[in-house]
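S.K.: Below are the chains, spelled out letter by letter.
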Amino acid sequence: MDWFFTLSTAVKVVLSIVTLLTIVALASYAERRVSAIIQDRVGPNRVGVPLTLFGAKKDWAFFGLLQPLADGLKFILKEDFVPAHVKKFYFWLAPALTMIPALLTFAVIPFGSTMVVGEHTVPMVIANLNVGPLFILAISSLSVYGIVLAGWSSNSKYPFLGGVRSSSQMISYEISLGLSLVPVLMVFGELNLSKIVDYQNHNGWLLLPAWGEGLSVERWVLMIPMLISFLIFTISVFAETNRMPFDLPECETELVAGYHTEYSSMKFALFFMGEYAAMVVGSGIIVTLYLGGWSLPFGLLQNDEGSIWKSLAHVGCFLTKVVAWIIFFMWVRWTLPRFRYDQLMRLGWVWLFEIALANVFLTAVIIMIFRK
Amino acid sequence: MATITVKRPKLSFVEKLYLPAIFKGLKITAGHAIRALKGSTPDKTMQYPEQKWDHELPEHYRGAPALVTDEHGRERCVSCQLCEFICPPRAITIIPGEIPANDQWAKVEKAPREFKIDMIRCIYCGMCEEVCPEQAIFLRKDYAITGTTRAEMVHDKTRLYEIGGVREGLVNKWNELK
Numbered sequence: 001m002d003w004f005f006t007l008s009t010a011v012k013v014v015l016s017i018v019t020l021l022t023i024v025a026l027a028s029y030a031e032r033r034v035s036a037i038i039q040d041r042v043g044p045n046r047v048g049v050p051l052t053l054f055g056a057k058k059d060w061a062f063f064g065l066l067q068p069l070a071d072g073l074k075f076i077l078k079e080d081f082v083p084a085h086v087k088k089f090y091f092w093l094a095p096a097l098t099m100i101p102a103l104l105t106f107a108v109i110p111f112g113s114t115m116v117v118g119e120h121t122v123p124m125v126i127a128n129l130n131v132g133p134l135f136i137l138a139i140s141s142l143s144v145y146g147i148v149l150a151g152w153s154s155n156s157k158y159p160f161l162g163g164v165r166s167s168s169q170m171i172s173y174e175i176s177l178g179l180s181l182v183p184v185l186m187v188f189g190e191l192n193l194s195k196i197v198d199y200q201n202h203n204g205w206l207l208l209p210a211w212g213e214g215l216s217v218e219r220w221v222l223m224i225p226m227l228i229s230f231l232i233f234t235i236s237v238f239a240e241t242n243r244m245p246f247d248l249p250e251c252e253t254e255l256v257a258g259y260h261t262e263y264s265s266m267k268f269a270l271f272f273m274g275e276y277a278a279m280v281v282g283s284g285i286i287v288t289l290y291l292g293g294w295s296l297p298f299g300l301l302q303n304d305e306g307s308i309w310k311s312l313a314h315v316g317c318f319l320t321k322v323v324a325w326i327i328f329f330m331w332v333r334w335t336l337p338r339f340r341y342d343q344l345m346r347l348g349w350v351w352l353f354e355i356a357l358a359n360v361f362l363t364a365v366i367i368m369i370f371r372k
Numbered sequence: 001m002a003t004i005t006v007k008r009p010k011l012s013f014v015e016k017l018y019l020p021a022i023f024k025g026l027k028i029t030a031g032h033a034i035r036a037l038k039g040s041t042p043d044k045t046m047q048y049p050e051q052k053w054d055h056e057l058p059e060h061y062r063g064a065p066a067l068v069t070d071e072h073g074r075e076r077c078v079s080c081q082l083c084e085f086i087c088p089p090r091a092i093t094i095i096p097g098e099i100p101a102n103d104q105w106a107k108v109e110k111a112p113r114e115f116k117i118d119m120i121r122c123i124y125c126g127m128c129e130e131v132c133p134e135q136a137i138f139l140r141k142d143y144a145i146t147g148t149t150r151a152e153m154v155h156d157k158t159r160l161y162e163i164g165g166v167r168e169g170l171v172n173k174w175n176e177l178k
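Those protein sequences? They're chains A and B, same order as listed.
FYI, our numbering numbers position 360 of the first sequence as 360, with every residue one higher than the one before it.
FYI, our numbering numbers position 113 of the second sequence as 113, with every residue one higher than the one before it.
Hints in this document: simulated from the structure, not taken from any laboratory.
Mixed in with the good hints there might be a few duds.
Unchecked claim - Here are the computed lysine-lysine pairs in the PhoX-like style, where the Cα-Cα straight-line distance is at most 25 Å:
(1) B:K173 / B:K116
(2) B:K157 / B:K110
(3) B:K27 / A:K321
(4) B:K116 / B:K141
(5) A:K310 / A:K12
(6) B:K116 / B:K52
(7) A:K57 / B:K52
(8) A:K195 / A:K321
(9) B:K52 / A:K58
(10) B:K24 / A:K321
(11) A:K88 / A:K78
(12) B:K173 / B:K107
(13) B:K110 / B:K173
(14) B:K38 / A:K321
(15) A:K88 / A:K157
Predicted model, so just to flag it, every value in this text is computed and none were measured.
Here chain B stands alone, though its shape is the one from the complex (with noise of 0.2 Å):
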């Protein structure tokens, strides 16, 4: 049988008066508070601008959106714009800049001219991560991101890779075979 027949518990007249419970529960609740009082709780709390817990952040925590360069100094980003695409917030904006035809890597074609991140928009979600086809925007472990102004807290290119750093590994685009 599916259901199962659940049998109300049969409650003595104690029981019914609540009062016994209530006091039972008030007992419970004054012993953690004296245990508190007393210092003997276990101290779980951290306090927070003292004591941080940033060396314990997993690999997969979603900080602050960062682009990376490569070990020479080269833009992965090649501002194909799917990130401004998927960004649920709205948060990315990306202007496309062409690189010139008499560059080493002019193959590659396009770099960002400009690339900004609103941070009071970004909710850390890590879809450009996700959709990033040359995997030029990483998700970084700074969560702390706080100005005084609107424009502050938009993150510039600059501020990007300051923040992403370099990340070393192969990417096709500088593959000269290719």
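Only chain A is shown next, with the shape it has when bound in the complex (with noise of 0.2 Å):
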């Protein structure tokens, strides 16, 4: 382990954070936004620049782009109440909970080609496991316990069926997430993020593989069960994350704010931001599985080696996608009414699942068929 290894991943790993960080923070401004402009309203216009202050004539609104700041200070500043009635460890323990694996997922999405600095080569990841999709679910799955500690330890009703709500609808999804990822590892044949994006980069995304090898028959008919997979992988993201269709746990009309109902302050905020980066992880998962990660679509900057600009021109298509994935989720939430408790477990186990078990066994007829 030289210095440079060493230097560069402190760098990533910092840059990488500060970046989830300010994409969760710009998503909950987009959110009221894209939800005013879906209901003919106007959202957050006003927190700007307050120029006034040092003697401008006019305020500086920037479209109220620093609404997140205001926002963030509130929370720093509000009083951080602990009702009397918590079981305090665990009351504490909850919102760190939700939002580290969130952040601690982020490592191993590959964001960009690698970068030639001088004679070191940096690839463009924090680390580069060869079990990228198992530590994502592995490390994802544990987010449950910070949503089922926090509706438990706050010791009342709301909460605690928001709790356990979530467990059970966390527990269901998980099952039909990982088996719908099963089919895109068989045609893959590989389990290390970086190398998926990369073959991806030179054959063609999974969903549109229009160059390289991607032009075969083969991977045209594979398009069927990939699609399923995706549908199905985009459906349990949105399950696993919370969002909108199955917020359940949460659920204003019903359980008030379900699991965080008895936080204020910073420990509100922490899981506000864990569901956001949980989010935009889950989309940069989606991105890097079946939209090609890092990868300009139709081959172009298609060269691994390449100058700096070349790698950040990549990190920017990474984001690129991620935030119109984010946009989407935005949208759906804003369009969809939220499901029935029972029509989510059936949607879960009894449609999904089977789904995507059939699923496995088309693409390994398939690949069968085509790889004899």
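With the hints in hand, could you dock these two chains into one complex?
M.R.: This is the structure we're talking about:
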């Protein structure tokens, strides 16, 4: 382990956490603006640079983009109230347990092509693990503990109901989440996310096999199981991140605020940020597995060996795709009503689970026919 | 028959899939979003501090409660304390005072020495106006009552008369024949 590796990894860790938290902050602003334009409203458009304080004629509102800053300041300055009836240790532990897994999973997602700095090469991924998807599934399933502990330690009925709901929901959808991944891994024959993205860079994205080896009949026939797998995976990610059609753990209309009813100030903010960070990471995984990660479509800027600029362009491409997915998440949230609880369970266990299972066999048969 | 049996609609296979309906919904919301981004959504939102609705407030608008004087500057309130008793959030505090015997209107007997309305507590229900036998307290159209301290939010007598202003009309207590 030489000094360059340590230094570059430290830089990558800091930069990716800063970027992740910035995206989370902006997402909380974007959520309100997206909901506003969908519902023909205006949304937060005031908080900006208060130039009038420094003697200027007008404030610089800048579409209210500084709203997250004001929100963050509010959360920090608010009283951190802990009700007397909670189980203190777990009550304090729960917010961290929701935030940390979301940040951890980001470590294995490749966000750019290998950067060449002088004589060194820097892979644009924090941890180049050979078991990327497994690591993600393992760590992201930890976040259920945060929610369950929050619901249980709050020691009151609404958080309890939210915690119970979320534990059953997340465990149910983890099955279809994992199973829908199996066909993808069968096609790639690879568990290293960096290599998966590299393969898609040269041979067409999984859902857009339009260049390289992707133009073969096999890949186009495989589109059918891949589309099914993509659909199930996306739906399961919605359920795992507690987003709208599946947001029963929070469920404002029934459970006040669900598992974080008793939380206030920065502890509540951690839940909030954890939810958005999970959303960012979920979008990152979808993009990495199905939509070619950092690679540009149709083999543009394909070569691995490149300047810093090319690598940065790839990072930009990755971020663009992730942001597009986050906006899609929001679009869905402000379109669909919430599922009823039995519908949710039925969708998970009767439909998604079975279809994902059948999909594994379908993929196997197609691969067997073509690679005989 | 009072009971109407509603038949559940039979859904086709495509309808049971949910997905077409979801895409239809997404199309509708995207349509609204695109219209909003193009700026062709009718502008219904008022930018509050710059744009106000004050001139369109209806006659019966219930704003801040205030005391009124008559056209000669006489206090209508006789400090009967009915408003203090009826006030649901107990926002009103009255200390009654006596009108001295040498006063021209000594027969009215009482006037408020102090009259305070705590605007942090007030719920703008209008009970005080309704209960007042002398028509001395009215809900005005002021709605943006703000202050930086709790003490600032308590309206005393001078402030209440300032908001209330003058109201004309016959009040029996000043009729010398009665």
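S.K.: State for each hint whether it applies.
M.R.: These are the hints, each one checked on the structure:
| no. | hint | in the structure |
| --- | --- | --- |
| 1 | B:K173 / B:K116 | holds, 23 Å |
| 2 | B:K157 / B:K110 | holds, 15 Å |
| 3 | B:K27 / A:K321 | holds, 21 Å |
| 4 | B:K116 / B:K141 | holds, 19 Å |
| 5 | A:K310 / A:K12 | holds, 17 Å |
| 6 | B:K116 / B:K52 | violated, 29 Å |
| 7 | A:K57 / B:K52 | holds, 22 Å |
| 8 | A:K195 / A:K321 | holds, 19 Å |
| 9 | B:K52 / A:K58 | holds, 20 Å |
| 10 | B:K24 / A:K321 | holds, 24 Å |
| 11 | A:K88 / A:K78 | holds, 19 Å |
| 12 | B:K173 / B:K107 | holds, 8 Å |
| 13 | B:K110 / B:K173 | holds, 11 Å |
| 14 | B:K38 / A:K321 | holds, 23 Å |
| 15 | A:K88 / A:K157 | holds, 17 Å |
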